[in-house]
Amino acid sequence: MPELARLRAAGTCAALLICGPIATAQPVESAPEHSIKAAYLYNFATYVDWPPEALGDADPVFVVGVLGAARVAGYMAAMTAGREVHGRPIEVRQVASGDSVDSLHMLFIAADSAGALPRLRDAAREHSVLVVTEWEGALDSGSIINFRLIDQRIRFEVSLAAADRCGLSISSRMLSVAQRVLPRSGE
Amino acid sequence: MSLFGQRSVRAKVLFVVLVTAASALLISGASMVYYELRDFRQTGINELSAQAAVIGLAAAPALQFLDPEAANEYLASLAANESISSAAIYTANGTMFASYSATGQPVNFPELPDVDGHYVDGNELVLFKRIVAGDEIIGTVGLRATHDLAGRLVDYLGILGGVMLLSLLAAALISGWLQRTITQPISRVTAVARRVMEQRDYSLRAPKSTGDEVGLLVDAFNGMLDELGRRAERLEHSVREQERAEDSLRTLNAELEDRVEARTSQLEAANRELESFSYSVSHDLRAPLRAITGFSNLLWEDHKERLDEEARRKLGIIRGQADRMGLLIDDLLRFSRLGRKALDPSLVDMTGLAQSTFERLERDGANGRPEFRVGKLPPVTADRNLMEQVWVNLLSNAIKFSSKTENPLVEVGAIVEEQENVYYVRDNGAGFDPRYRNKLFGVFQRLHDETEFPGTGVGLALVHRIVARHGGRVWADSRLGDGATFHFSLPRETADE
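Chains as they are written, first to last, in my numbering: chain A, 1 to 187; chain B, 1001 to 1497.
Extracted from the complex, chain A is given alone in its bound form:
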């Protein structure tokens, strides 16, 4: 097990080596932007708790769907190979706009597929799918986490109301570094 942990640590290091320079606020280029988003997606998964029924024992795989942005899917697949989230191996799946989201745990909708969100929103909410988007105003359309580019750096905002509706709980530690947090309804 320590051997495995070391291998994973090495993997993370390799991933962060790629995104490292970005942390020092250099101009965002498209390739690092995709890899950073892939890493963020993985990290989101670790800070979010799914309801027990969503993580049923039937298929012990954590499935991440990526709509559009094929490069993000590629980076993420490479990065999460051999890693686990909530005790499950990760499967990254490129989905089309017409595909079902029922079996997904997490869904990233790239900006070029923004139109698919309203259609997928209810299904996602029903199956506790963590929806992550990357365009301004996406939280109003039912997204839970939304990437923002601020001062040349990739930040994110969170809608707790949307998360609540999905039955997902997001760690306050993650919220502490969120650029904006929309409160729960009634707060």
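Any given hint could turn out to be false.
Said to hold, decoys possible - Ranges of calculated distance between the beta carbons of each label pair, as one might list FRET restraints:
#1 91(A) <-> 1115(B): 31 to 37 angstroms
#2 60(A) <-> 1115(B): 33 to 39 angstroms
#3 1115(B) <-> 167(A): 39 to 45 angstroms
#4 1153(B) <-> 60(A): 56 to 62 angstroms
Unchecked claim - Chain B is nowhere near these chain A residues, computed Cβ spacing over 12 angstroms in every case:
#5 39
#6 63
#7 84
#8 97
#9 98
#10 121
#11 135
#12 155
#13 160
#14 178
#15 179
#16 183
Think of the hints as simulated: they come from the structure by calculation, not from any bench. Every residue, glycine too, gets a C-beta built ideally from N, C-alpha and C.
Once you have looked at the hints, place chain B on chain A.
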């Protein structure tokens, strides 16, 4: 130690108590300080480690979502902890992600994080701890906290010093109070002992107040005083007796000395009288003797023809006996004169003196011509005239008594000994019976018949007297018919002077 040995028991007990207390305090204090410092260090490490864990947990999202501002904010919250001087967060690949400094100065952290662990840098404790999310290392937190071990040590030593001072003071006071019960009885015995020594009063007794060892000591001391008193009395008594005995002995001695002195002077007076008597007798005898000799000579010369043969023979006997009496008187006068005359010492060549004396005797005498052998004789400081008389008497004796031997031989020699020179004259003549050797040197003592060897019997007495006056001795060895050896010794000191 000798200086310590002279201190009083009180001082010693106090010293022992203080040294014991100080040692105990020092040992316990040192171990407390050691424990405290180790604890201080461990506590510091533990606290810092816990702090690092908290920071790591809080900063993990900031690292994961590349938010250095958030990380910096976490670190800024360390301002609440005064001991932490600076902090830093590194990413997993080792670049510095966020930092904090309490003073606002640039942080003193390495470019790359150290491995997990802690070390002391000056008076600061530095600790590095990996930040782990899930089971992955996502970064490192570094903390630098003041860890003033020296200051802590100074504080503790100050406290320890104060505690020791107070404790020793308390120990001194308590021991001073407690030891009175031990030392006071001893002091009382000491005081009595001192008075006994100063006043020689053996009737004094030490008071007994305790039943412990000191009480035993007091009993023993008093017992010893009893015994000492008895002995002193006895000693005094015997000393008095001894003094009395010595007194009487002294008186007796003085009386004895007086008597000896009186006797000696009486004896000396008698001796002097005797000598002057013998001198005057000898002297006075000369006049009638001269008359007898003179008239018998006249009778011989004037009436020789008228006397018949018988008368001439008788007259010859008278003349011979008168001559002999003259010789006797001369010898006696010489002998008695010897007692009165003072010695006139000078260095005397004994070889030359013996040689010349023998030659003169040989020339004068008709008694044969013996062979004469003389060895080398050591010179001596003595009265030359008296020495000549010694040689005259001894050599003439030797010539006389060896005259009837076939090949007469007279030998003279000397033996040098440590204290004295021993001279001897040896002949091969008639000798004498060794039984009578003690009589040899008395006046008028003769061992041979007058008709056999003529002589007055004064010669050896004269020799004896001269040698004795020079501090020497005279003795003789012989066997009848086998020669005789006469020895005389003279002390060498006089010769050396």
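Checked hints:
In this structure the supplied range 31 to 37 angstroms holds for residue 91(A) paired with residue 1115(B), their Cβ-Cβ distance being about 36 angstroms. The hinted window of 33 to 39 angstroms between residue 60(A) and residue 1115(B) holds, with their beta carbons roughly 36 angstroms apart. Separated by about 43 angstroms at the C-beta atoms, residue 1115(B) and residue 167(A) satisfy the suggested range of 39 to 45 angstroms. At about 59 angstroms, the beta-carbon gap between residue 1153(B) and residue 60(A) stays in the expected band of 56 to 62 angstroms.
Taking the minimum C-beta to C-beta distance to chain B, about 8 angstroms, the non-interface status of residue 39(A) is violated against the 12 angstroms cut. The Cβ of residue 63(A) lies farther than 12 angstroms from every Cβ of chain B, with a closest approach of about 19 angstroms, so its non-interface assignment holds. With a least beta-carbon separation of about 8 angstroms from chain B, residue 84(A) fails to lie farther than 12 angstroms from that chain, contradicting its non-interface assignment. No Cβ of chain B comes within 12 angstroms of the Cβ of residue 97(A); the nearest lies about 28 angstroms off, and the non-interface call holds.
At the 12 angstroms boundary, the C-beta of residue 98(A) stays outside the reach of chain B, the nearest C-beta of that chain being 32 angstroms off. The claim that residue 121(A) lies off the interface holds: its Cβ sits roughly 25 angstroms from the closest Cβ of chain B, which is beyond the 12 angstroms cut-off. Distance check for residue 135(A) against chain B: the nearest CB is about 19 angstroms away, which clears 12 angstroms, and the non-interface claim stands. The non-interface label for residue 155(A) is inconsistent with chain B: the shortest C-beta to C-beta separation is roughly 8 angstroms, within 12 angstroms.
Remark: the non-interface label on residue 160(A) is consistent with the geometry, its nearest Cβ contact in chain B lying 16 angstroms away (cut-off 12 angstroms). At roughly 8 angstroms, the least C-beta separation between residue 178(A) and chain B is not larger than 12 angstroms, which violates its mark as non-interface. In this structure residue 179(A) is not separated from chain B by more than 12 angstroms, as the shortest Cβ-Cβ distance comes to only about 9 angstroms. Taking the minimum C-beta to C-beta distance to chain B, about 19 angstroms, the non-interface status of residue 183(A) holds against the 12 angstroms cut.
Of the numbered hints given earlier, the model fails hints 5, 7, 12, 14, 15; all others are met.
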